[in-house]
Amino acid sequence: MNESKGALTEAVYYILISLYSPLHGYGVIQNVEKLSGGRVRLGAGTLYGALNNLLGKGWIMECGESGDRKKEYIITEAGKRTVLDETDRLQELLDNGRRLLEQQKRIEGKGQQAT
Amino acid sequence: MSKQKTTKFRIYATIDREEVFLNEMCAQGWKPVRIILGAWFVFEKCEPGEYIARVTTCVDPKGRKAGKERRRQLSEILTESGAEIIPETNVDAGTRIYAVRKEAMGDFEINTDIDSLIFEYTGRRRYHITFAVMAAVFIILSVMLGSLMIYDFLVNTGDKRTIVSACLEFSATAILLVCFLMLLMPVPSYSKKIRELRSRREFEE
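Top line first, the protein sequences correspond to chains A and B. Letter by letter, the first sequence follows residues 1 to 115 in the numbering used here. Letter by letter, the second sequence follows residues 1001 to 1205 in the numbering used here.
Since the hints were derived computationally from the structure, they do not count as laboratory data. A hint or two may mislead.
Stated by the list, open to error - Mimicking PhoX-like on lysine-lysine, the simulated pairs with C-alpha atoms at most 25 Å apart in a straight line are:
1) A/K34 to A/K71
2) B/K1005 to B/K1068
3) A/K57 to A/K80
4) B/K1102 to B/K1003
5) A/K34 to B/K1008
6) B/K1068 to A/K70
7) B/K1102 to B/K1008
8) A/K80 to A/K34
9) A/K70 to A/K57
10) A/K71 to B/K1068
11) A/K57 to B/K1068
12) B/K1003 to B/K1045
13) B/K1045 to B/K1008
14) A/K34 to A/K70
15) B/K1102 to A/K70
Said to hold, decoys possible - Just a sample of chain A residues kept apart from chain B, beta carbon distances all over 10 Å, derived:
16) I29
17) L35
18) S36
19) Y48
20) G58
21) K71
22) A78
23) E86
24) L90
25) Q104
26) R106
27) G109
Quick reminder that beta carbons are idealized off the backbone N, C-alpha and C, glycines included.
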């Protein structure tokens, strides 16, 4: 794991994967809610802070305005690399967690058979 | 037919208390529609509990007022998500955004993650500290001026008008002192909230 990068927050991860196609602020909120099956609802302050941080890091960029003059954003190459790294990290967590849980289940199953 | 309106005069030391007051009024069927000089709250009749009110600071963690563009962006996201921005005139205009949204639209939270909550409370704390420091400077200047007047009365003039002016000066100092204490009062609670959020972040995100 790349310690210096650190883990992304759930909000940031969802915002980044939402921006593979250009979206304006509220579009991001709607897309994140849809992607997470309604579980993650971003507040306006959360989105505003995250968008500014991501712009500062160069992970997203402004890509013009939509028809009604709303600013739209899109993920950059650096942002895409970050998403890939984070997805690998999450996959590693998931694999390790599942493997250990299955081992634990087997040990418990053997213990019950022995008794 | 114009809607029934009422105006309440309130001065709160913190944004948190202001938000509680606005939500109490919403629960009673009064929707905030305008805030004048940060103290006169104008309400319009609505259904009890029809709206939820939220207040957020528009300052950065150094307590500086965010630019017009940033304020516009945040207001825009709020409006798009179904909220109404309450027009306000304040002595520190531009540092806060007041918004209401219909309760029927679901939960209304402006900051939904730990980082933005830390950002919000750090901004609020710095805002209070900045204004408290300004009040402290005025207190020092006011005490110095009052003392000079008393000195002038005792040593030079003996004019009663000078002592009256000094009394007025010290009254102003007392008011400034109250403002200073009101501004400083919420700072420890904000610091505590920030500490709690930081420790939560270690486990949750």
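(request) Mind listing which of the numbered hints don't hold for this structure, in increasing order? (result) 2, 5, 16, 19 and 21
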